[in-house]
Structure formats: C-alpha cells, structure tokens
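K.L.:
Read top to bottom, the protein sequences are chains A and B.
The first sequence begins at 73 in this note's numbering and counts up one residue at a time.
The second sequence begins at 2 in this note's numbering and counts up one residue at a time.
What the hints contain is simulated information worked out from the structure, not anything from laboratory work.
A virtual CB, placed ideally from N, CA and C, is assigned to each residue, including glycine.
Careful, some of the hints might be misleading.
Unchecked claim - Okay, the calculated beta carbon distance ranges per label pair:
| # | chain 1 | residue 1 | chain 2 | residue 2 | range |
| --- | --- | --- | --- | --- | --- |
| 1 | B | Leu64 | A | Lys172 | 20 to 28 Å |
| 2 | B | Asn87 | A | Gly277 | 36 to 44 Å |
| 3 | B | Glu39 | A | Gln275 | 39 to 47 Å |
| 4 | A | Ala288 | B | Cys108 | 41 to 49 Å |
| 5 | B | Asp82 | A | Glu220 | 45 to 53 Å |
| 6 | B | Gln66 | A | Arg290 | 53 to 61 Å |
| 7 | B | Val68 | A | Gln275 | 46 to 54 Å |
| 8 | B | Lys29 | A | Thr112 | 34 to 42 Å |
| 9 | B | Gly65 | A | Gln263 | 52 to 60 Å |
| 10 | B | Gln37 | A | Ala94 | 30 to 38 Å |
| 11 | B | Arg15 | A | Met216 | 19 to 27 Å |
| 12 | B | Asn87 | A | Ala285 | 44 to 52 Å |
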Amino acid sequence: MIPTPSLSHLTKEDYRKVYEPAEDTFALLDALEEDAERITSQKVNRAPDSSGKGKLCVEIGSGSGCVSAFVSQILGSSDAYYICTDINPEANRCTDLTGKENKVTLNAIRTSLLESLTGRLENKVDLLLFNPPYVPTEEEEERMAQAEQSIQGSWAGGNTGTRLVDTIIDQGLVETLLSPGGSFYLVAIKQNDPEAIVARLNQRGLDSKVVLARRAGREHLHIIRSIKPTGEDDHQ
Amino acid sequence: MRLLTHNLLACHARACTTTSNNFPLIFKDVQVELIQAEPNPDFIKGFLPKIEWNALVKTARSLGQDVLPEQSPDFSKPLNDEALLNSLHHILLEIHIMEGQMICPNCSHIYQIRSGIPNMLLAEHEINK
Ligand SMILES: [Zn+2]
Numbered sequence: 073m074i075p076t077p078s079l080s081h082l083t084k085e086d087y088r089k090v091y092e093p094a095e096d097t098f099a100l101l102d103a104l105e106e107d108a109e110r111i112t113s114q115k116v117n118r119a120p121d122s123s124g125k126g127k128l129c130v131e132i133g134s135g136s137g138c139v140s141a142f143v144s145q146i147l148g149s150s151d152a153y154y155i156c157t158d159i160n161p162e163a164n165r166c167t168d169l170t171g172k173e174n175k176v177t178l179n180a181i182r183t184s185l186l187e188s189l190t191g192r193l194e195n196k197v198d199l200l201l202f203n204p205p206y207v208p209t210e211e212e213e214e215r216m217a218q219a220e221q222s223i224q225g226s227w228a229g230g231n232t233g234t235r236l237v238d239t240i241i242d243q244g245l246v247e248t249l250l251s252p253g254g255s256f257y258l259v260a261i262k263q264n265d266p267e268a269i270v271a272r273l274n275q276r277g278l279d280s281k282v283v284l285a286r287r288a289g290r291e292h293l294h295i296i297r298s299i300k301p302t303g304e305d306d307h308q
Numbered sequence: 002m003r004l005l006t007h008n009l010l011a012c013h014a015r016a017c018t019t020t021s022n023n024f025p026l027i028f029k030d031v032q033v034e035l036i037q038a039e040p041n042p043d044f045i046k047g048f049l050p051k052i053e054w055n056a057l058v059k060t061a062r063s064l065g066q067d068v069l070p071e072q073s074p075d076f077s078k079p080l081n082d083e084a085l086l087n088s089l090h091h092i093l094l095e096i097h098i099m100e101g102q103m104i105c106p107n108c109s110h111i112y113q114i115r116s117g118i119p120n121m122l123l124a125e126h127e128i129n130k
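Go ahead and model the full structure; you've got the sequences and the hints to work with.
P.N.:
Here it is, written out as structure tokens:
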C-alpha cells in the first residue's frame, strides 16, 4: 500500500485557489498503484542499460501536485524526472511545495497543457498523466474559466466536459510524445463518454482501455490507460 | 528551474513553431541557487539520450560551467566516466535558476522565471492556432 502524499502544508486558503485532491484524484492514484510494477519495469527508450531508471514523467494540470508526488513513490524520487505543468500560478506554487514536503523535486512549469514542451518531448515521455477539467459546462463558461487561469479552470470542461482532452488527443500529442512502451493515464466521467475516448486513442495506434471504473457520489469515474506499442512483440 | 528542465523548453510563439532556432532559450540576468541532490548515476545514464547535448553545453557555458566536452558521449554505450557523470549530475540537477529571464534566439520573446518557476504562457495573439 503506497501512502497518499502528505499535503498537510496546504491550507484552506490554498484550496480556494487550487483544486483539492478528491475522489477523482484517488481513483487515479489507485489505478497507478495497481500498475506500479508495469510502470516501474518498463525500460527506458534508447538507454544502453536496462536499469529502468531515467524515466520522464509529465503531468498536465498538476494542481496540488498530489499525483506526481504519489508517482515518485512508485518510480523513486531520484530515479525519474517529474515535470508538472499548470496554467494557474497558485497550482505551480503548491506543486513545488508538495514536492518539497514529500522529498521529491516536482519541476513546475507555468504553461497551458504542454505548450513549450511538445517540440522537445517527442518519443520521450515514459508516463503522461492528465486529470482534466471534466465537468460538462456551457462552452462560454468553460472558455472564461480557462482564460482566468484560476481554480474554475480545474473543473469546467466545456460541452461534453472534454475540451482540453480533445485538444491533447486531436493534436496527436499522446502518441507523438509517449516513448515506445510509455503510458498515458486519463481521468474521465461517464458524461465524457469514456468508451468513445478509448476508441479514439486506439485509432491513433495506442493500446487503450478503461482500467478502473468507480462510483463516487454523483460521479461515475473512469481511468483510461493508453500504452504506446514498443514495436516489439508486446501485445497483451 | 533546473537546467534539465531548461533543456526541454522551446519557444512556442507563432513565428517560432516552424523554425529550429527557438531552442535553447538564452538566460539573462539570472540568479542561481545551488541545491544538493542525491547522486544517482543510473538516473543520469538512463536520461541522457533525452538530452540535447549541444544545447546543454552551450547553456552550461553561459553560466560559467566549462567542464562538459563539446562532443556528446556515445549514448549507445554504457557511460562509465565517473567524472563526467558527476559533472552532469551537478549541472542538470543541482543548479537552480531562481529568478531571471529566458530569451528566444529567434523572436526575442522574453520568458520570466520567478521563485524558480518558468512562465511559458504567451498572449493569445502570440500563439499559433
Ligand atoms: Zn520565439
């Protein structure tokens, strides 16, 4: 059992500005823990030895930093490198602090999704994580929320709740940035149509499925996992 | 912001998405802090193939770090040069840019670094849609 990262340094005031880990976060943590051995044992592309160390983990919209801090307990705090993006400067600050609190460096970058990173990260991301704003909202409300670069942007997801997910998938970022054998974990709810998201990811040559589904209050949470084939014989 | 992170960042302004001259970003007026990190040669060995060597050498030199060889190590062979591994550990992981600017060599856009966090956001009109 991997403990939930310590967040005792974050205050009520912080959670007014940054999304507080909730059932969706914990569902993602559970899915990652379930896959801990697979994630750890994956080889690092082009590395001449097979220690599996030197992985690159990238989290989009890291918020409090809870998820990346959790992953650092799976991959090892100094055995992998953790990049955490968020458009909200308060989230950047909290992510940085959560790293320090949990004895790992979480490298916070203020940006929208993966902007400024996509050119350099082709075939290099071993683990890509995204717990997106997934609540269906009016398009206008969603646009305003993202433009404000504040906490509203952490849940307002547009018409079907998937506008930012659509951006990531439709720009081909998942299959472009993942290293061979690398994996992408995505949080979705029933209203986002997880099966349709899985189908779209599979159309892009990824090996995708819902690895966890769970009801939490009114939400029916799904964790989608996509693996980029290594080109070797690794079909499961 | 550590130099490893810097090695992964490029300018994404509209004018720069079709050029290769948008990388590496050039440091200006930076305040550096050295923070010790646990040595982990296996991490360095595994991560090195993801590094753009020339950009790293150039950036390290701009900060007065002259120890890296011009020629990148052969990534297809295990790296066992202990002195080089130590230098890479220090340069990639222990040098933190706390304040300052990064300038795009192509469009001269200035990205700010505050409290160790780079701000890569661009205004709507600067982004290629
Ligand atoms: Zn530029």
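K.L.:
All hints, please: hold or fail.
P.N.:
Verification of the supplied hints:
At roughly 24 Å, the beta-carbon separation of leucine 64 (chain B) and lysine 172 (chain A) lies within the given 20 to 28 Å, and the hint holds. Separation of asparagine 87 (chain B) from glycine 277 (chain A) is about 40 Å and conforms to the stated range, judged on CB atoms against 36 to 44 Å. Here the CB-CB span from glutamate 39 (chain B) to glutamine 275 (chain A) is close to 42 Å, well matched to the stated 39 to 47 Å. A hinted range of 41 to 49 Å for the beta carbons of alanine 288 (chain A) and cysteine 108 (chain B) is consistent with their spacing of about 46 Å.
In this structure, aspartate 82 (chain B) and glutamate 220 (chain A) meet the distance hint of 45 to 53 Å, their C-beta atoms being roughly 50 Å apart. A hinted range of 53 to 61 Å for the beta carbons of glutamine 66 (chain B) and arginine 290 (chain A) is consistent with their spacing of about 54 Å. In this structure the supplied range 46 to 54 Å holds for valine 68 (chain B) paired with glutamine 275 (chain A), their Cβ-Cβ distance being about 48 Å. At about 40 Å, the CB distance of lysine 29 (chain B) to threonine 112 (chain A) agrees with the hint of 34 to 42 Å.
Between glycine 65 (chain B) and glutamine 263 (chain A) the CB atoms are about 54 Å apart, so this pair conforms to the stated range of 52 to 60 Å. Judged by the Cβ atoms, the range 30 to 38 Å given for glutamine 37 (chain B) and alanine 94 (chain A) holds: they are separated by roughly 35 Å. Between arginine 15 (chain B) and methionine 216 (chain A) the beta carbon distance is about 24 Å. The supplied range of 19 to 27 Å therefore holds. About 48 Å separates the C-beta atoms of asparagine 87 (chain B) and alanine 285 (chain A), a value consistent with the hinted range of 44 to 52 Å.
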